[in-house]
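Chemist: So you can see what is in the structure, the chains are spelled out below.
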Amino acid sequence: MAGSLKPVGAFAITPHKVSVCILLQIYAPPAQASVPFPFSSVSQHNRLGLFLLALTKSCDDILEPQLDELINQLKEIGGLLNHWLSEHLTRKLSALSSPDDLFNLFSSLRSILGGPETSILEDDQIILDPNSHLGMFLRRCLLAFNLLSFEGVCHLLTNIGTYCKEAVSSCPPYDLPDEDDSNNDLEELLEYEDMDLESFVFRKVAEEAEARKRARESATFHTHTPRSLLGLVEDIQVSADSKYKNCDGIGQGSEFLGPSHDTFRGDDHNSGLFLRTNWQVQGYLREQADLIEKHGSSFPLNAFESILKQLQKLAPELHRVHYLRYLNNLYHDDYPAALENLHCYFDYSAGAEGIDAPSSSSSFISYGNYEIALLCLGMMHCYLGHPKQSLEVLTEAVRASQQHNNDTCLAYTLTSICNLLSEIGISNATGIIASSYSPVTSIGTSLSIQQQLLVLLRRSLKRAESLKLTRLVASNRLAMAKFDLTHVKRPLLSFGPKASTKLRTCPIDVCKELRLSSYLLSEFGSDGASLTIDGAFSTAWLKNLQKPMASSVLSQENRSENGSDAFQFGSQPSSIPGYVLQLAGASYLLRATAWELFGSAPVARLNALVYATCFADGSSSADLALAYVKLIQHLAVYKGYKEAFSAMKLAEEKFLSVSKSRMQLLKLQLLHERALHRGHLKLAQQVCDEIGVLASSVTGVDLELKTEASLRHARTLLAAKQFSQAAAVAHSLFCMCYKFNLQVENATVLLFLAEIHKKSGNAVLGLPYVLASLSFCQSFNLDLLEASATLTLAELWLSLGSNHAKRAKALIHRALPMILGHGGLELRARAFIAEAKCYLSDPNFSVLEDSEVVLDSLRQASEELEVLEYHELAAEAFYLMALIFDRLGQLEERESAASSFKDHVIALENPKDDEGLLLDSYST
Amino acid sequence: MGSKDSCRTELRTAIRQLSDRCLYSASKWASEQLVGIEQDPAKFTPSHTRFQRGSSSIRRRFRTNDIPSTPAAGVSYTTTPVPEEDEIVDSDCYLLAKSYFDCREYRRAAHALRDQTGKKAVFLRCYALFLAGEKRKEEEMIELDGPLGKSDAVNHELVSLERELSAYRKSGNIDPFGLYLYGLVLKENGHEDLSRNVLVESVNSYPWNWSAWSELQSLCTTIDILNTLNLKNHWMKDFFLASAYQGLRMHSESLSKYEYLQGTFTFSNYIQAQIAKAQYSLREFEQVEVIFEELLRNDPYRVEDMDMYSNVLYAKECFSALSYLAHRVFLTDKYQPESCCIIGNYYSLKGQHEKSVVYFRRALKLNKNYLSAWTLMGHEYVEMKNIPAAIDAYRRAVDIDPCDYRAWYGLGQAYEMMCMPFYALYYFQKSVYLQPNDSRLWIAMAQCYEAEQLHMLEEAIKCYKRAANCNDREAIALHQLAKLHNELGRSEEAAFYYKKDLERMEDEDREGPNMVEALLFLATHCKAQKRFEEAEVYCTRLLDYTGPEKETAKSLLRGMRAAQSGLPSMDVEHFPP
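Taken in sequence, the protein lines are chains A and B. Under the working numbering, the final residue of the first sequence carries the number 927; numbering is consecutive throughout. Under the working numbering, the final residue of the second sequence carries the number 967; numbering is consecutive throughout.
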């Protein structure tokens, strides 16, 4: 690269590394003994080894620990030895007073390394294998030291001096009285009481040094802090919120708090701070990137941003920081900043920044991997809802990766185009895709956009398979399943002999794809792209040191020690990489959706439950929220609003309520539903408008939300008995669904149109709609919807006159098994009432003879409707009941039914105002 | 503005005071302005007037108003600086310190003044400490150059200096020079607002310290900040404003200020160079060249600003002049970033891009934040088809100064070369945003939109329109507009632009395929519109050219004649009511 004048990834020697080297010397002294001098047992010895391994591998932070932190950790591990260890370490370090001491130290270190040819080891000799992790570390230290110029050695010496001094001067927090001056007032703000103030409070051994240091510290405090501090406080409050609201959030909260500690420490004095090895920092960054993607907008923006800023200051040539900033900004919907950082990252890195050594294949040198930049940019536009730009960029990415023979990138790009096409409604290809080059149009303009999508999906699946990109194959299979779920496969040929195809979706295909997708994941080990952060283990191990539980176990110094160790290592974040969990989880989520559509409520619920319980750790918060939403929706439909709302409250605490989140939408949906049932139309309209506002204004984006909103709008109008308006809205919705090929939604809309005609009294007009809906349901295998359409059909026939009652009854009886097995409260109640009505209007049926048939279903209906607080239907049920009792002459029952009827009618006409309160309590 | 004489006396005193305090560059600047003041020919012997390269026609050309209408001169600052009281008392120590300082032994100088309390001595001690810290910082920067480019070398004196100076300021025991140093230290420590206030205080009480003004200028990053400064009226303020305007890319405002200043400081090399800079930004290369030629005649060993001259020579492809310039600066001081840059330019012009990169690299080694070297190196890498390196270089330029539209433009071009036009658009948009009146940028953006892969013609037309409106020298925009409109089937618009293009070509006496194309289109268009006379004119003009167009014109003419002869009947046939 032009600007990088130095080799990236070199290994600099720092005071912390010197201490690790000293500890290594203790661990593997040149003297021969099975258990070297200070150790009393083998396990104790091993523990130090593990600790050193963890120290050189962990990636929980960007900065190397200070001496005092190191000593604290040593205390956790050393047990009885801790004094000796830390004493020895500090003594050794402070004994380094001239460059020559350093030279001597390093030359003595050399002797603990075994030579490359020492294959014959004596039994109890402890020698570091030069090719082991620790051996490599030591060798790199030696090499780095040997490469140092004299100035470098001097600087190292000075740094070791400050490193020791700070450890000596830093006292435990809080018990140091601030005797000397007022400078510290500023630092004692209450907000920071949980931060480690120790790093602010210095007591210098040398008086002069102290004064200078303090001055500098306060100076920088002036400059940088106001902004970053405010940001920090803000973030901490947010995460503290999440932390205290529920117990589940604790892990999350503390996870976030961890780094902010460090920022605080780091931002203010740069003198004694050193970056960890490049490898560790990269690991840290990768972990953070995973966290951002997982938590989305609930990740603390400012705290992490300030860490990144610090990192950028410490390592301007580490360009990955820009990428992290991009991610951070992206997930907080900061478009300009995300764009800026994305461009910056790829300008510098040219799309290739490996862990330690940049890849140097010849093709890279001449071209760079800028197609990856395009891929990222395309996905960014897609995420932010700019379909046009996204498609343009992705098309360019296809071109660029073809040009540079980057097949992997091409496969990924094709997949993201598929995602884009399936997520965003595109009515016709030519309007949005201007370029003749585009992969979409090049397939052939005669095909509809859905067919093109299918072709693309197949191609990218094949490509991914041939390139052995397991995760891509898995996610492509998921996309395929999604496609199969909602689309009828049509023959691609528009001429020639046509195979006889049933124009139906094929649930078996869906299941097959889903199964294949998760089946492939078992081979994740063979995937070349599966780079796990094995530093994560070490990080977690080190973190566990601080846990009181661990220390109490360890201090006992008995044989349970080893066991607990093993246990702790075993209970680390599982060895299955996160993306595998995510993909496997996604398949369960998709299964839930599929069963929802196919109409099996229990199986759908089961899958959502599996997801929420088994994949909660690995999944992103958005996906988890979706699973919760499904569960809560299930509750609302089958158990009524009360339970749904109480579950909702729990879920809302778990997911920080962000606007436009699924939780928000779900809340509005539930509120709307309930308002409609209770007859509170004003509120319903208001909620409905709120839903509409959530959707983006760009055409083709947020289609799901838009259909939802306008369907609800139409339902509100229908409830207000404004039939023509409702029909108009439903009609335009139908047009939109047709335009964007939303066939499943079309079935719903058609059924709704039939409903409008039924309510407006034009049963004859309703018939064609309901029949159309039925045929849609059949070809998409929407069994539950089909049952509900059949019910509507029966109701329509019934309203045509009593001579159709028999036909209606037959229809209802056909649909009843499905409805009773899978239908929600409302649907069942409607079926019961309709059935009762059928009997009642049947001239051959006599109430006096067989009253229980009718009464039983009406009772069931009324019970369910009361749970739902669906006043209108409940009133109807009670009215019918009252009629029957009247006929039967059971006056008492008649009166009670009539009074219930009256109650419901009154409630319907004067909706209580407690809803307003409820809305407030939920929308805040 | 004060009279020339008062300026002269003020400057003379100031120069003595400045160099007494070892503020050499400020004193250099003041001396340059001093000799730049036009001498009164009556008073001086001819030997003095050798600075007067008067009656130069060039200067006349630039000076639009000989007697500029100045803003009220009455407020002008007239008091002479306070005489120094402590000069005699501690002069021995001071002299020792000053000589140490002159030998660049800063710590020794500071040590020699350790017990002195006079304002002057305090200033020199602090200043020496500051410079010692800076020197050490530079050294450490190289020593600490970490693997990931970490350069956290800091001036270790800053903190103690800030504390000491702020104490002096609080007690009111500080002179304008001390304030200047305090401002400098504050700026280095990142306290920009406070620094600005302190510097304003300093220049208000002692306006002749150009170093203070330039520090202040570097803190004025927006026009709003500049406007809120509470500055006393003094002729030095005009210098400041001119320079600040230039920094804020308000080139014409800056130019007029400098031209006004030239009324007094007629022979100032500094002003001339600044005018050249402004003209360069306005892309008036001819004038810049003339100015630099004269500047070099008067000041042949000048290295400052000469890189700009070399850019002009590069643009005009003056091989020998550029090589001459390169040779001269090489002999004068080869380890100046400017010198390296000039040599780099020379090699670039010669097409030896590898060598050119070597010299740009050297320039960057001497000054890591040398903006134009990064950009020029980017250009070289583009020439060498090493696009990733070029992108990296441009990016560094952009990170040093996000307002450098050339580097943004370079980035856009680099991505365009890699067939990523949509990606490139982002960069072109950035550059156009910074320099909305540059037709080249608009054209580049339009070409991106027009690219085969994107084919977003409507957007391209919008860009070309902007380009055509901002003085498009190469006249690409008009022609492209006509072509695009034609392509989109809007013949009226196409005809309009072809006509405009034609007029322009006639105006500038240019011939070429564009001319033929325009004539041919207009001829056929007019014929189709039944404006036969006009069509005939175009056709006859086409007859002057050889090639297939001539034949087409002939057949067009023939067709028209035939049509005209049978006009009445045809008319009715073709256009039924």
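Do not take every clue at face value.
Here are a few chain A residues that sit away from chain B, every Cβ distance over 10 Å (derived from the structure) [stated by the list, open to error]: (1) 154; (2) 377; (3) 616; (4) 730.
Which bits of chain A does chain B cover? Going by a derived footprint, with three or more residues having C-beta under 8 Å, they are [as the list claims (entries may be wrong)]: (5) 302-313; (6) 335-348.
Since the hints were derived computationally from the structure, they do not count as laboratory data. Glycine included, C-beta positions come from ideal geometry on N, C-alpha and C.
Chemist: Work down the list of hints and note, for each, if the structure agrees.
Modeler: How the hints compare with the structure:
Not every C-beta of chain B lies more than 10 Å from that of residue 154(A), the closest at about 4 Å, which undercuts listing it as non-interface. Not every Cβ of chain B is farther than 10 Å from the Cβ of residue 377(A); the closest lies at roughly 6 Å, contradicting the non-interface assignment. The claim that residue 616(A) lies off the interface holds: its Cβ sits roughly 43 Å from the closest Cβ of chain B, which is beyond the 10 Å cut-off. Distance check for residue 730(A) against chain B: the nearest CB is about 39 Å away, which clears 10 Å, and the non-interface claim stands.
Only residues whose C-beta sits within less than 8 Å of a C-beta in chain B count toward coverage, and the stretch 302-313 of chain A has 0 of them, not enough to reach three; the restraint is violated. With 3 residues having a Cβ less than 8 Å from any Cβ of chain B, the stretch 335-348 of chain A passes the three-residue criterion, so the hint holds.
Consistency note: the structure conflicts with the earlier hints numbered 1, 2 and 5.
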